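J.: Sequence:
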Amino acid sequence: MKYNFYLLFISLFVFLFIGSSFIFAQDLDSEKKETGVIVYQLRAGINIGGFTPIPIPAEIREISSFNPMLNISLEGNITYLFKQTPSSWGIRTGIKLENKGMKANSMVKNYRMEIIGGEGEKVAGNWTGGVSTHIANSYITIPTLAIFKVNDRWSFSGGTFWSFLMDKNFSGYVFDGYLREGDPTGVKVVFEDGKTASYNFSNDLRHFSYGLQLGTTWQFSKRINVFGDLSFGLNNMFKPDFKTITFTMRPVYLNLGAGYSF
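For reference, each letter of the sequence shown is one residue, going 1 to 262 in this note's numbering.
Keep in mind that a hint or two might mislead.
Said to hold, decoys possible - Dumping the calculated SDA-like pairs for lysine to any residue here, alpha-carbon to alpha-carbon at most 20 Å:
1. K96 - Y260
2. K168 - K243
3. K96 - G211
4. K103 - L205
5. K96 - K195
6. K195 - R180
7. K83 - V37
8. K109 - Y178
9. K243 - Q84
10. K122 - K195
11. K168 - F232
12. K96 - A44
13. K222 - K103
14. K96 - I38
Bear in mind the hints are in silico, worked out from the structure with no lab data behind them.
In this text, all values refer to a predicted model and were calculated from it rather than measured experimentally.
Based on the provided sequences and hints, a complete structural model is requested.
T.: Right under this line is the structure:
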């Protein structure tokens, strides 16, 4: 039900924006006072990055491996430029369907953890040893950006993004170490000789996130462009009542791709 509400809200927002933009453009045209231009664009790209605490906390001693995975993004957007000149300001919004994920192995010490036992029971405590993490999330994202077109080739953008979580996975396992149940002085449970224990925090992920986005676009031809957008999440990926991981984790991603303008 919540996902249907999000989709309805987004569809209504885009419908109203397109409708108002079309009426506005028609009015200007009829009065022969048009000074701006509307550009419709389709984009495809890949997200490169990960979810990370900033700064890296003392509990994480080493990142032993990192796989950014193949994260695809598809976007349709609308840009209104205030002037039909090589240099102009403008605004942009749209809808982006995107994946953000990663796989990472790290070595930690006194890292808060809740593992799943052999009979499905959950055991919380402080973990020292290896942690393997797999994140695979899908979002509907709405960018809200200011645009500065420098010339016929280059433009820059900056603003905010608003993301709604559609599909989620934050899971993994611990290995080669030990868990102190409850606190750093609790009962010691050792995992060695290839023994592992899994964890899954997918249901603790926040459904709504937001952040900042900066980017640039280079116009290869009249219709085709290439772009790069850097996004930085401002709120924690976990719900406020989630206390197992004690530090804030944010998405930091570089979106690289190509676009087609109509």
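J.: Hint by hint, which ones does this structure get wrong, listed from lowest number up?
T.: 5, 9 and 13
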